[in-house]
Every structure is written in C-alpha cells, then in structure tokens.
Amino acid sequence: MSDSDYHEKEAPIFSRVYKPKKFELIFVDTCKIQTITLLIFHLSDEASPTLSTYSPPSFFACFSKSEMASLLKELPSMSTILSIYASISGLSMLIRTILNEMIPRGMRDLIAKKFSDFFATYFSSDFTFIIEDRWQAVENETFRAVEVYLPTKVGPSTKSLLIGTNDTNNIFAPPKPGVPVDVKVVDFFQGMHFEWTLREKEAKKYYHRQKKFFELKCKSNYREQVMQSYLPYISKTAAAILNNRETLNIYTYDNEDSTWESTVFKHPATFDTLAMDPGLKKFIIEDLDLFVQRKDYFQSVGRAWKRGYLLYGPPGTGKSTLVAAIANYLRFNIYDLQLQGVRNDAQLRRILTSTTNRSILLIEDIDCSTKSSRSRDRNKNPKEDHDDDDDEGGDQLDNKLSFDPGVTLSGLLNFIDGLWSSCGDERIIIFTTNYKEKLDPALLRPGRMDVHIYMGHCTPAAFRKLALTYLGIKEHVLFKCIEDLIQSPVITPAEVAQHLMKRDEPQVALQSLIEFISMKEAEMVEKNEAKNDEQEVIKEEVEKQDEKRSKILTTSAYLT
1 MSDSDYHEKE
11 APIFSRVYKP
21 KKFELIFVDT
31 CKIQTITLLI
41 FHLSDEASPT
51 LSTYSPPSFF
61 ACFSKSEMAS
71 LLKELPSMST
81 ILSIYASISG
91 LSMLIRTILN
101 EMIPRGMRDL
111 IAKKFSDFFA
121 TYFSSDFTFI
131 IEDRWQAVEN
141 ETFRAVEVYL
151 PTKVGPSTKS
161 LLIGTNDTNN
171 IFAPPKPGVP
181 VDVKVVDFFQ
191 GMHFEWTLRE
201 KEAKKYYHRQ
211 KKFFELKCKS
221 NYREQVMQSY
231 LPYISKTAAA
241 ILNNRETLNI
251 YTYDNEDSTW
261 ESTVFKHPAT
271 FDTLAMDPGL
281 KKFIIEDLDL
291 FVQRKDYFQS
301 VGRAWKRGYL
311 LYGPPGTGKS
321 TLVAAIANYL
331 RFNIYDLQLQ
341 GVRNDAQLRR
351 ILTSTTNRSI
361 LLIEDIDCST
371 KSSRSRDRNK
381 NPKEDHDDDD
391 DEGGDQLDNK
401 LSFDPGVTLS
411 GLLNFIDGLW
421 SSCGDERIII
431 FTTNYKEKLD
441 PALLRPGRMD
451 VHIYMGHCTP
461 AAFRKLALTY
471 LGIKEHVLFK
481 CIEDLIQSPV
491 ITPAEVAQHL
501 MKRDEPQVAL
511 QSLIEFISMK
521 EAEMVEKNEA
531 KNDEQEVIKE
541 EVEKQDEKRS
551 KILTTSAYLT
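To convert, note that position 415 of the sequence shown is 415 in full-length UniProt numbering; the numbers rise steadily by one, no gaps.
There could be a bad hint or two in this list.
Here are the simulated DSS-like pairs of lysine-lysine, each with C-alpha atoms no more than 25 Å apart in a straight line [unchecked claim]:
1) K219 - K184
2) K539 - K551
3) K436 - K282
4) K184 - K201
5) K531 - K520
6) K201 - K114
7) K201 - K212
8) K201 - K159
9) K219 - K236
The set of hints was computed from the structure by calculation and includes no laboratory data.
Using the sequences plus the hints, can you model the full thing?
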C-alpha cells in the first residue's frame, strides 16, 4: 500500500479523532534511540493522517521543505528560552525565601516529614531502621557495634571518607577510617542490599550534646532478616574487631560537651615487667582470668558481672602501673574519672552509664576526691580532720562543695553495688588510695571492693625484677648487700627504678642505689629520734600538768 492510499484510507478516522487548529508541541522518538525531537507543526482543517500509525520517516514525509523551514522559524530563540528559565528560577527562589521567612523551621521540617512519609508509604517499597547512640538511659550497644563494623565496609560507592588518628605517640601512624555524617555506605549480606547513613540531630536544649543515629534502608520484605540475621552478625563482627584491636584508649570526661574524650593508651607496663612479689602477681592474674571466664556463673548466682579492686599503699609503689598492666592484659579500655568535677549524683549516674562494656573504671586517690568516700565517723568529727595536716586540702574541698551537693557516698555505692551496677557487663572497677583507713567501711566491703591489694615498699624480689628490666642482669655481687638494706621499708619501687636508670653500667648504678638507701636510712633514724624526743617532751609536759593538777586537788581537799 502506497502512502497516498494510506492517507486516503485513514484520513476520515483521524479527522474525527484529532483536529487541532493551532501550533502544537509533539515529542517524537526518532529511530528508537531515545533522542527527543521537539517539533512545531500545523494541521489544517483538511484531514490529516493519524500519528499513531506512522513510523518517523513516513511522518516527516508529510511536510515539504518549505513547510519544514516555516515550522523551524516558529521555534523560540535560545535567548527567549534562557529568559523564561531565569524567570521561573527567580520566581521559585522568591517563593522559597518567602516560605522560609513566614514558616518556622520546625513547621517546615514537619511538613517535609509528612510529605516524605506520605510518598514513602504509598510510592516506596523501602523500610528504614533508626539506631540512636543512646537507648533510654544507657549507651546503645547496637549503635556502637555498627560504628565499629561500618568503616570496614567503605567501598568505591562511598563518596567521602572520614580519616584520622588519636595516637599522639606516633605521628606516622596510619589514619583510621570513619563514617562521615550524611554519607551513604552500601553493604551486602546474603544477597540483600543495605544502605547506611550517619545522621546528626541538634539537641533541644543548648547544654545537651548533639544526638547521632544511623539510618538503615532496605526493602520492606527484608525486615525479618535484618532483625534475626543481619544485626546479630554485625554485633559478632564488631566484638571480634574489638577483641583483636591493636591499640587501647583511655577516656576522660569533658563536662562542657558532656562526652567521654579518648586518646590512644600505649603504656608499656605488663605483668612481665611489673616489679611485684611473684605470689601476689600470680594471684592477680588468676583472679582476672577467672573473672573473664565466669559470665554464666555470675548470671546463675544473680550478681552483676563486675569486679572491684582497691589498690592502697604509699605513693610511688606502682598502683598506676598495675592498672596499666591489667588493661594491657585484658585488652580493656580505661575510663579515668575525676570525682571533683562531678556536680551531683544524677550527673555521676549519666557519666557511668555512658561507659562501655569490657572496660576499666578508674578512680585514683579516692580519699582525696570528695568527702563522700571518707569514713562517716570522721565526717561527724570535723575537728579531727582539721587537726590532721594531711586533710587540709580535703577541708578546703569540703568548703568548696558546700554550695553544691556533689557526689554522695550513697550515689557512689548505688552504681558500684546497687541497682545501677547491673547496667553493663564485664567491667573492672579500680580505686586507688594512699590512706585506706580514711575510707568509709561501706566502700570497702566485698561486693564493692572485692580484692584489696597492698602496694608496699620495694622487696628483694621486686628489686631483682627491676634490675633485670633496667640493667639486664640477673645476678651481681652487690645484690646481697642491697637486699639486706631494703628489708626495712625505707624505699619504694619508683625510687629504685629512678636510680637504676641514671647509669648504664650496673656497678655504678648499684653503688649509687646503695648510697641512696644508706642516706635514706640515716634520715629515717634522725626523724625517729626527733619524733621520740618530741614525744618525751610532750610526756614531760603532760606529767607536769598532772602534777600541778594533783597539787591543786590536794590543796582543795585540805581546805575543804
């Protein structure tokens, strides 16, 4: 069939269906290569062929060259198109500015959320999980697991990457990856496609920190698999990563931002290098191993999975070094808390519940921290505290805290052994003090401080360990002399280590240590003699006063 015959046959049908008399915009798909051609054409009152039955070549054959040229002249110029576009853009910007000025931000967010929820409900098959950084009153362990797991899944599809390091000891340390805010991270699990995005939300109150949360988007029919398989898999993977981590962190609390801030913890102390009695060292290691392995036992007896250690003794006896050795042995992070900066029990509870599992809570010099830890008998007699020279700083602190309730003994005990002690698993709580007798007995009983470890002066076994560590020798002719000198508690391990570090030659270093111990013993003898003389003077004064008192009583009795 020719084109003319086709026109004559189809003309009556098309004329009844479609008879436009103005210029029309028609989009024609030419050659089926998805190229959009804009045409303006004119259809007269006479019958015109239907477009739906023509292929593109037959359609263009309907027009002569003169008609095509005339139609192309009717196209608007590029300047006209750009002018219209600019006008529309300016109008939209003006409307947007007016709406931003007239409608409050909260209302705009609400309207946008409603529209988003509407379209997501009726036009989207996706489902979104929200994982916030805190779950009710404690840290969200699922959020922490995702935070550890997700940097390992950063791939080519991720548009940006957060990198950095908190290792202040090594400026050449390779940076660690992190997930930036508002950046999509794609993950695949068992053939399912997931999209993760970290979001931040401003706090409603200015003194609260910004809230962080992860968005997990997936198909609606994946919801059960996410809850039953995907999220447990993330938790197990994150736990494996944390167990095999190469570096530990030590945290300190920032009151301004209400967050724990961390830095890399690289203390070289280990139980192998620790100058301590071998029997005591063995006991501590066995106790730690038993604690880590007895999760089911703690649950069966109805106790929180935690362990409390009290390290007490004179300054310089290695209490902080023992804490570092425990952290390196268990691979636990350390949360170093200064009770002086805590305003009240409520803040203390928020601070302690924001610590993570498998960690050490360290409160050093607790006898100097606040009046809350002191013996209640001593608190009832402030004159006794005032008479002690060692308590001057404590009295000043008590006066300073008189306007603020501060941390009370009840608030501290409630987290250590009360109902709040169950908010967390596998935690070590360590208190250090120079004066154990100043602490309240309620703080020292089993269940709160389970193990009391006395860190005393240097012993012969500790000296030999220090000599091996610092001088690299196991035996020397001067060892016997030094061991005899340190039988009396006159020198601490810190002082021994300080003298062994001064010289590289063992003979010179050991001779220097002998001279120092002898000098210190002489000072101790002089102090003891001076103290005895002072006590004798006091005794004589007391006897004189008693004698005067007895004479007065005798005279009074005679006169009576």
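- Tell me, which hint numbers fail for this structure? none
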